[in-house]
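Please work from the sequences and hints to get the whole structure.
Line order of the protein sequences matches chains H and V.
The first sequence maps to residues 0 to 79 in numbering that gives the first Met the number 0.
The second sequence maps to residues 0 to 266 in numbering that gives the first Met the number 0.
Just so you know, these hints were derived from the structure itself, not from any lab.
Accuracy of the hints is not assured; some may be wrong.
Reference listing, derived: stretches of chain H covered by chain V, where coverage requires no fewer than 3 residues with Cβ under 8 Å from a Cβ of chain V [what the hints assert, rightly or not]: (1) 37-44; (2) 49-60.
So the derived list for chain V, only partly shown, Cβ under 7 Å to chain H, looks like this [what the hints assert, rightly or not]: (3) Thr12; (4) Met137; (5) Arg139; (6) Arg176; (7) Ser177.
The beta-carbon is built from N, C-alpha and C at its ideal position, and this holds for glycine as well.
So the chains spell out like this:
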Amino acid sequence: MNTLEQTTDEILNLAATHFKVPREQLSPGDDFFKKLGINSLQALDLLTRIEQHFRIELPDYELQGVTDFRTLAERIQSRL
Amino acid sequence: MKSFRGKTLSWTTADGTVELALHREPCNEIGSATLTELEFFAAALETLKKDAQSVIICSTRSEGFCAGADLRELYQRSQPLPVEKRVPELRGFLERIHRVMNTLDAAPFTTIAAVHGVVFGGGFELALICDLIVADKMARFCFPELRLGLIPGFGGIPRLKRDLGNAVVRDLLLTGRSINAAKAQSVGLVSQIAAEGDALRVARATAAQANKFDRDTAVAAKRFLKPIPHEELRQEIDIFCELFSRPAVEAGLRKFVESTDALPYLP
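Now the structure itself:
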């Protein structure tokens with residue numbers, strides 16, 4: 000099973016690739032809405048990609064109030 | 000009429016298949032203009048039968064298939080009316096959309112929803128009237144109505160109950176969460192998953208296969224496979240109207256209408 004650091008790293012890689020942001024500009028504590036410049040529709044897109052990548056189900060209500068990559072990774076970790 | 004281009008949707012006919020494409024900004028919200036054109040489409044089905052055996056419903060909007068009912072219009076139409084006239088006005092709208100949905104649900108065609116992106120609320124209900132749902136792998140399905148103090152009003156609960164098991168029906172309705180295409184396929188909602196941007200191509204291939212069969216046999220099978228749950232659909236209208244008259248719903252709709260978010264129905 001992934002460590003929290005590995006999961007966070009995979010999310011950062013996935014976000015950088017899909018939203019075309021240089022990976023080195025992304026950090027675990029970043030607000031992904033601000034850093035990626037995404038709206039709620041794109042956040043939903045990110046959620047789908049995360050579910051596919053980690054092969055998990057992540058109900059969107061578990062992400063209410065989650066804005067940074069590290070907390071997102073913790074939510075994913077609890078479903079792995 | 001083999002082809003039509005309206006304000007909210009268009010259709011064309013080729014190779015035995017009618018393609019009904021939704022194209023209203025921002026994401027095909029269903030209001031009175033869409034309803035009128037869907038009624039026009041439903042009325043044209045008898046003529047379209049001569050040239051086609053399948054219908055594909057799809058969207059040209061990049062945001063998705065359909066974000067549901069046009070709640071802004073619903074709110075703005077009801078507000079100027081005296082309180083006692085709001086529910087009768089709403090009931091009239093719901094009865095019209097139910098008639099269209101029931102006609103399309105039972106239409107003597109093999110019907111395929113080719114969906115991508117947002118498939119929410121009334122958009123989900125539109126997909127549910129189709130015999131088959133082909134989903135882009137990035138599609139998401141959701142019934143967010145309970146967040147506004149309402150239930151789905153375009154036939155969603157009876158059709159979901161007709162097609163799926165209790166666990167997923169209750170999960171979708173009572174949590175208002177969205178599910179992805181893979182989950183939707185695993186619970187029996189989606190027939191086939193397509194690569195990103197490929198749902199329409201897969202739907203066309205599916206329609207071409209369905210078109211090989213005798214129409215009368217396909218229609219007989221369809222009648223047997225998916226009876227219209229008329230009694231529950233009538234109950235749904237009653238419950239929706241009852242809930243709509245509560246002040247909490249008006250407040251929820253006002254908040255929604257006043258939101259500056261382009262897509263405020265998202266979680």
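#### Entry: Hint status (Cβ of Arg176(V) to nearest Cβ of chain H, threshold 7 Å)
4 Å, holds
### Query
Do three or more residues of the region 49-60 of chain H come closer than 8 Å to chain V, measuring C-beta to C-beta?
With 6 residues closer than 8 Å to chain V, the region 49-60 of chain H meets the three-residue bar; holds.
### Message
The hint names Met137(V) as touching chain H; please verify it with the least Cβ-Cβ distance against 7 Å.
### Response
Given a least distance of 5 Å, the restraint on Met137(V) holds.
### Query
Is the shortest C-beta separation between Ser177(V) and chain H less than 7 Å?
Status holds, d = 5 Å.
### Query
Does Thr12(V) pass the interface check with chain H, least Cβ-Cβ distance below 7 Å?
32 Å, violated
### Query
Is the hint on Arg139(V) kept, meaning its closest Cβ partner in chain H is under 7 Å away?
Hint holds; Arg139(V) Cβ to chain H Cβ min 6 Å, cut 7 Å.
### Query
Would you say the region 37-44 of chain H counts as covered by chain V, given the rule of at least 3 residues with C-beta under 8 Å?
Since three or more residues must qualify, the claim that chain V covers the region 37-44 of chain H holds, with 6 doing so at under 8 Å.
Hint 3 alone, counting from the list given before, is not met by this structure.
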